[in-house]
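As you go down the protein sequences, you meet chains A and B in turn.
So for the first sequence, the numbering used here puts the first residue at 1; every next one is plus one.
So for the second sequence, the numbering used here puts the first residue at 350; every next one is plus one.
Warning: the hint list may mix true and false statements.
Derived SDA-like pairs: lysine to any residue, alpha-carbon spacing no greater than 25 Å straight-line [claimed, not checked]: (1) Lys498/B x Lys583/B; (2) Lys513/B x Val259/A; (3) Lys583/B x Leu262/A; (4) Lys498/B x Ala32/A; (5) Lys465/B x Glu375/B; (6) Lys305/A x Leu262/A; (7) Lys519/B x Lys84/A; (8) Lys266/A x Asp40/A; (9) Lys578/B x Ala32/A; (10) Lys519/B x Glu293/A; (11) Lys266/A x Ala386/B; (12) Lys583/B x Leu256/A; (13) Lys84/A x Lys513/B; (14) Lys266/A x Ser476/B.
What the hints contain is simulated information worked out from the structure, not anything from laboratory work.
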Amino acid sequence: MIFKVLAAGELEKFFELLVVNKLIGPVERGPAVDGRLLFDFAEVAEIAELRLDFTQTVHSAKKYLLPYLEETGVFVMEGSDWEKRVDYGAHQPLVLFGLHACDINALNKLDKVLLAEPYPNRFYGAKRAAMFIIGHSCRPTPACFCRSMGADSVRHGCDLFLTPLGDDYFVEIMSSRAFHIMESLDLREPTRRDHKRFQEQAKHRGNLLTAEVDATDLTKILDMEFDSTVWNEWGRRCLSCGTCAQVCPTCYCYGLEEVVALDLAKGAKIRQLYSCNLLDFAEVAGGYNFRPESRTRLKYRYYHKHRGFVEAFEEPLCVGCGRCGTNCLAGITVPEVIASVRRGEVENG
Amino acid sequence: MSDAKSYLGVPVLRPRVGFFELTSCEGCQLQLLNNEATLLDFLDLVEIVNFREGMKESGDNYRIAFVEGAVTRADEVERLREIRRNAEMVIALGSCACFGGVNQLKNRFNDPAWVKREVYGEYPIDSQAAVPLAAVIKVDLEIFGCPVKKEEVERIVTNLVLGKEVKHPKYPVCMECKAHENICLFDLGEPCLGPITRGGCDAWCPSNRLGCWGCRGPAPEANVDELRKIVARKNIPLERLLDRLECFGGFGGEADAVRKELGGLK
Ligand code: SF4
Ligand code: SF4
Ligand code: SF4
Ligand code: SF4
Ligand code: SF4
């Protein structure tokens with residue numbers, strides 16, 4: 001890894017170099033009634049719109065790789081003949097400016113599933129390859145538990161990572177593309193003091209991470225507690241609304257539907273993101289449903305993320321970003337659910 | 350208009366369809382006429398034999414009947430039964446036909462004679478409790494919404510013509526609301542029936558910063574109990590939830606329960 005220091009005043013120059021491309025970054029969306037300031041990722045044209053001091057976005061940056069609706073193939077009819085057209089949707093490079101460690105690690109997890117041979121998702125792969133990603137150190141919220149998921153720091157998955165140190169930015173250069181772009185900027189070598197400041201920043205951030213999930217032996221405990229009564233209570237609360245999967249940076253499930261145009265001259269296979277919490281997620285031909293009850297669907301979500309995925313990839317399918325819990329109207333959060341399984345009961349149940 | 354439609358080289362028959370309205374604002378039918386860009390393709394796909402809003406001629410030789418509106422008069426009961434006799438397939442078009450719609454709001458008053466006097470004065474008029482089509486005849490397919498969403502009707506009709514399965518989403522409005530990255534209305538202090546209402550409208554209201562009023566009726570297995578707890582936690586008065594639950598008729602039972610708890614209608 002190459003470490004450099006960028007004077008804060010140079011950031012605008014860096015931004016200007018990149019904004020010739022489509023650039024996505026955190027923007028403010030106004031306050032919630034409880035006083036929280038809400039943020040989301042959106043296209044940014046001026047550096048003033050970029051809110052690098054954001055806490056957490058409501059929605060993740062997933063949509064730039066896995067749009068809610070995507071045509072996986074279009075069939076154009078000509079008489080009794082037809083032609084298939086496929087568009088991976090990566091028409092231009094995309095700069096993601098200001099992703100936190102959790103969201104970069106989320107992309108790394110998605111890569112493991114979606115780029116794996118022999119059946120990689122080429123729509124995802126094409127967009128991922130056309131992305132230039134600038135990470136930025138975060139401001140943890142009380143909902144963040146990234147450290148419990150091993151996702152609080154970035155080792156790969158982005159082009160460079162910025163950590164503000166007062167007037168300067170500590171820069172971790174992680175790709176040759178980033179190295180070449182940075183060449184035209186005024187960078188200096190970090191001093192011993194910069195290294196210290198970087199470590200102090202990390203410690204300060206760590207102190208703000210108050211939410212926790214005890215992941216010790218979690219795969220085994222989930223096996224043992226498959227019939228735990230806590231699932232009944234969580235199932236009673238769950239609205240089966242899919243909000244958790246929609247805001248989650250690591251959920252990738254989808255449904256596929258064939259849609260024919262009104263003039264019958266065109267058909268398309270449309271992929272739509274889905275959620276294992278939705279009533280018909282496990283519905284099969286004949287109307288049978290493997291998970292007709294809310295409690296079994298909610299349980300499945302946790303078993304995929306914290307058991308099945310860990311057994312397959314040695315890591316959970318969760319980065320502890322806290323979005324699912326923050327946005328769940330029923331107040332179902334990962335730390336609470338896992339703690340209740342360990343405890344054997346739901347608090348205020 | 351060409352008669353020789355085909356799909357994947359297989360000829361496609363244009364079904365004869367009729368559009369009918371009972372007690373309603375005719376807004377659902379208007380939706381279908383609304384988009385000139387696709388209207389001709391729509392007319393090309395089916396053969397319309399009855400459409401008061403769109404044409405002068407009328408006939409009763411139709412296979413598919415789209416019926417808009419609630420049933421509120423004795424003559425409507427008769428008309429509906431006749432439509433049922435003529436059509437192979439009866440489709441309830443819009444929330445009035447599916448649940449009684451806004452019209453059923455009058456049913457909650459205990460004294461129908463008083464309601465009639467308040468609205469119509471001494472004018473002699475037959476006006477009974479508003480009921481959905483399914484209370485009178487067998488309905489083969491429901492298309493929800495007040496009004497229906499044109500794109501959805503077009504997709505359903507295309508699937509019917511091609512003999513494909515017609516499926517409604519089983520997830521609630523929240524799913525599509527999140528797809529639009531809306532800020533949740535509850536975060537803005539507003540109530541919303543999105544978590545319990547059937548999706549498919551593309552989160553029409555929340556995408557315009559209005560909480561859902563439940564016009565498409567309950568999603569299957571809707572968790573109304575939990576929504577009531579959420580509304581209470583957010584300090585939103587139960588009356589505001591009731592306004593929405595009773596508006597379109599889809600949540601009739603739940604609305605009755607809440608109204609009873611609040612001490613009935615004043
Ligand atoms: S856990 Fe929460 S967000 Fe997820 S489906 Fe259930 S109610 Fe919706
Ligand atoms: S499951 Fe929840 S906390 Fe974990 S990555 Fe998804 S949204 Fe974030
Ligand atoms: S199974 Fe559920 S938890 Fe797992 S990726 Fe799919 S939607 Fe997310
Ligand atoms: S605004 Fe309504 S539909 Fe949208 S997420 Fe919130 S509750 Fe659901
Ligand atoms: S958001 Fe609710 S009220 Fe609005 S169109 Fe959709 S279902 Fe109807």
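Hint check:
1. Lys498/B x Lys583/B: 31 Å, violated
2. Lys513/B x Val259/A: 10 Å, holds
3. Lys583/B x Leu262/A: It is violated: about 44 Å lies between the C-alpha atoms, which goes past 25 Å.
4. Lys498/B x Ala32/A: Violated, at about 30 Å.
5. Lys465/B x Glu375/B: 22 Å, holds
6. Lys305/A x Leu262/A: Outside the cut-off at roughly 40 Å; violated.
7. Lys519/B x Lys84/A: With Cα atoms ~30 Å apart, Lys519/B and Lys84/A exceed 25 Å; violated.
8. Lys266/A x Asp40/A: Outside the cut-off at roughly 35 Å; violated.
9. Lys578/B x Ala32/A: 20 Å, holds
10. Lys519/B x Glu293/A: 14 Å, holds
11. Lys266/A x Ala386/B: 16 Å, holds
12. Lys583/B x Leu256/A: Measuring from Cα to Cα gives roughly 37 Å; hence the hint is violated.
13. Lys84/A x Lys513/B: Given pair Lys84/A, Lys513/B holds - Cα atoms ~21 Å apart, limit 25 Å.
14. Lys266/A x Ser476/B: 47 Å, violated
Hint compliance for this structure: hints 1, 3, 4, 6, 7, 8, 12 and 14 are broken, all remaining hints hold.
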